[in-house]
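We have chain A already, so just place chain B with the ligand on it with the hints.
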Amino acid sequence: MLILGVSTSTARVGCAIGGHEGILGAVHSSRGRRHAETLTPAIEFLCRQTRVELSEIGAIAVDLGPGLFTGLRVGVAAGKALAHARRLPMIGVASLDLLAFALRHSSRRIVCAIDAGRGEIFSASYRQSPGGVQRLGDPQVGTPDDLAAELAAGKEELLLVGDGALRYQEAFEGIRRLELGDSGVAHPSAGSLVQLAHARALREDFVLPADLTPLYLRRPDAEIGWITRDAPR
Amino acid sequence: MSFDTGRGRVLGIETSCDETAAAIVQSGTSVLSSVVSSQVDLHARYGGVVPEIASRAHVDLIVPVVAQAFVEAGLSDRPVEGASCDVDAVAATYGPGLVGALLVGVSAGKALALAWDVPFIAVNHLEAHLYAALLDEPELELPVIVLLVSGGHTLIVHMEDHGRYRVLGSTIDDAAGEAFDKVARFLGLGYPGGPAIDRISVGGDPTAVRFPRPMLGDGTFDFSFSGLKTAVVNYVRKHPEVSTPDVAASFQEAVVDVLLTKTRAAAKAVGARGLCLGGGVAANSLLRERFLDACLEDGMPGYLPSWAMCTDNAAMIASAAWYRWRSDGPWPLDTGALPNLGLPVA
Ligand SMILES: [Zn+2]
Chain A
1 MLILGVSTST ARVGCAIGGH EGILGAVHSS RGRRHAETLT PAIEFLCRQT
51 RVELSEIGAI AVDLGPGLFT GLRVGVAAGK ALAHARRLPM IGVASLDLLA
101 FALRHSSRRI VCAIDAGRGE IFSASYRQSP GGVQRLGDPQ VGTPDDLAAE
151 LAAGKEELLL VGDGALRYQE AFEGIRRLEL GDSGVAHPSA GSLVQLAHAR
201 ALREDFVLPA DLTPLYLRRP DAEIGWITRD APR
Chain B
1 MSFDTGRGRV LGIETSCDET AAAIVQSGTS VLSSVVSSQV DLHARYGGVV
51 PEIASRAHVD LIVPVVAQAF VEAGLSDRPV EGASCDVDAV AATYGPGLVG
101 ALLVGVSAGK ALALAWDVPF IAVNHLEAHL YAALLDEPEL ELPVIVLLVS
151 GGHTLIVHME DHGRYRVLGS TIDDAAGEAF DKVARFLGLG YPGGPAIDRI
201 SVGGDPTAVR FPRPMLGDGT FDFSFSGLKT AVVNYVRKHP EVSTPDVAAS
251 FQEAVVDVLL TKTRAAAKAV GARGLCLGGG VAANSLLRER FLDACLEDGM
301 PGYLPSWAMC TDNAAMIASA AWYRWRSDGP WPLDTGALPN LGLPVA
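Chains as they are written, first to last, in our numbering: chain A, 1 to 233; chain B, 1 to 346.
Simulated from the structure, these hints should not be mistaken for laboratory data.
From the three backbone atoms N, C-alpha and C, an ideal C-beta is built for every residue, glycine too.
One thing to keep in mind: the hints can contain errors.
Listed below are several chain A residues computed to face chain B (Cβ distance under 7 Å; list not exhaustive) [as the list claims (entries may be wrong)]:
1. Val27
2. Ser30
3. Thr70
Here are a few chain A residues that face chain B, going by a calculated C-beta distance under 10 Å [stated by the list, open to error]:
4. Thr8
5. Glu37
6. Ala77
7. Lys80
8. Arg86
Quick list of simulated restraints, FRET-style, between CB atoms [claimed, not checked]:
9. B:Arg7 x A:Leu202: 38 to 48 Å
10. A:Gln134 x B:Asp328: 46 to 56 Å
11. B:Gly163 x A:Pro41: 20 to 30 Å
12. A:Thr213 x B:Trp307: 25 to 35 Å
13. B:Asp173 x A:Glu204: 54 to 64 Å
14. A:Leu202 x B:Trp307: 23 to 33 Å
Bound conformation, chain A alone:
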């Protein structure tokens, strides 16, 4: 089965097509946060270059975030629309899982950190598991300093990656057992998305477009304000 994967949860927009023979093609670009402008032409280009018709695609995979809310929604809305229009099942994968999967051959503990804006990052840690990585706990949102303190307290060798890790790298500089991944592995890869989704597709682990929701990990601002105002004093 061929899978089209779409990732738009960070400043980088990506799409890839692949299946049992691996990744047939991938397009990534990351200039000026033009997610909506870039994505549809990128999919069209990718189909042309891989000589795959949309009618040959068997499932749509999307990066569910967490990440840039607006960017994320571009990919999820487009993915849902494609899946609905072609009557295809969907597969959603967390952005942090995609970052970790690309580093699955590392023996270190992998820590992924995506920029959450407002001085915060979304993060999760992973360890190697047969054929991939295993996430240790739910993704968190917090300050880089909080994460740094948590990482400094452990004893394992660490590999820290993601655009959040790069943006706040000075927060992690004092940790000696920690290596910082460069910009080449800082964004979710659409290829990783297709690989992970393919394994799930073989198990028929699908969702319907209507049941797929982005991972925001943060309430809308107004709701936060409202809850605070409303809280019993």
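Only chain B with the ligand this time, still in chain A's reference frame:
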């Protein structure tokens, strides 16, 4: 130049503010379906539209709303062997509006167009409001003056011909609908403010308080509502015993008076053949009544779209798209959202 529009069936998508809407319209005038999912309940507790909440709701609702538009039109959105689906183009609002909300509709619309292999058309929300009048009044003779009033816009537009408009006047501060929301919130009437003030004014005396008519005699067709809102606040603070229905009715009277006086003057100035109302505030019962009175008095045909056509909907998007498609052709797939888009100037 004129482009081939096939059977002329356009799927329109509207997500510029707090309504997720989809509609299928044939040849710009025949509405086969029009589905609007309002998020008003999601925003009511905040007293206004919260952009992040609106954008999230659009993502959840966009596919079900599109699917429903096909069901209600009795058409298929399933491409069968070689053939495309039952629509010939997909259109979506690309501005003006809330950027995060617009991007959901634009992204979904372009993806549907790609998946069905049909053209994509980006639609200007303001232009679509002008076409809402034509949908309900196909006989409408141009040129007309359109008063477009909603929570986001307050415009007097001279619609000279298809695709040819001149904005004669607009608001220099709050939109008319915004003034209704703010005054309603101040009076403790809840959200949305327009219907709340309309309802309570029925029991009030519109002559109880003589509120100012900002910019009325200034010779322009522009509006200002923020001073009027302040006048209401000051008056109530000074006269706490005043009846709320009287204040609401007097405020509504002032707004309608300014809107219609300027609209009539604009119509006279350009020699318009008719007057037309659009936007969510056009659902206000006093405005509708006075609008028809004014048309009678001026001996000018008045076009009053149905309530469903006044408020944000996707039928007007699909209709405007068809006229644009015929004259300008399809849009490229690298179209994005333009939150501050104005009316195209002739
Ligand atoms: Zn509107």
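Consistency of the hints with the structure:
1. Val27: 13 Å, violated
2. Ser30: 16 Å, violated
3. Thr70: Holds: closest Cβ of chain B sits about 5 Å from Thr70 (chain A), inside 7 Å.
4. Thr8: It holds, given that the least Cβ distance between Thr8 (chain A) and chain B is near 9 Å, below 10 Å.
5. Glu37: 4 Å, holds
6. Ala77: 4 Å, holds
7. Lys80: Where the cut-off is 10 Å and the nearest Cβ of chain B is about 5 Å from Lys80 (chain A), the hint holds.
8. Arg86: At 5 Å from the nearest chain B Cβ, Arg86 (chain A) passes the 10 Å test, so the hint holds.
9. B:Arg7 x A:Leu202: 38 to 48 Å: Roughly 41 Å apart at Cβ, these two residues keep to the hinted range, so it holds.
10. A:Gln134 x B:Asp328: 46 to 56 Å: At 53 Å between Cβs, range holds.
11. B:Gly163 x A:Pro41: 20 to 30 Å: 26 Å, holds
12. A:Thr213 x B:Trp307: 25 to 35 Å: Check passed, 32 Å falls within 25 to 35 Å.
13. B:Asp173 x A:Glu204: 54 to 64 Å: Because 57 Å falls inside the window, the suggested range holds.
14. A:Leu202 x B:Trp307: 23 to 33 Å: 52 Å, violated
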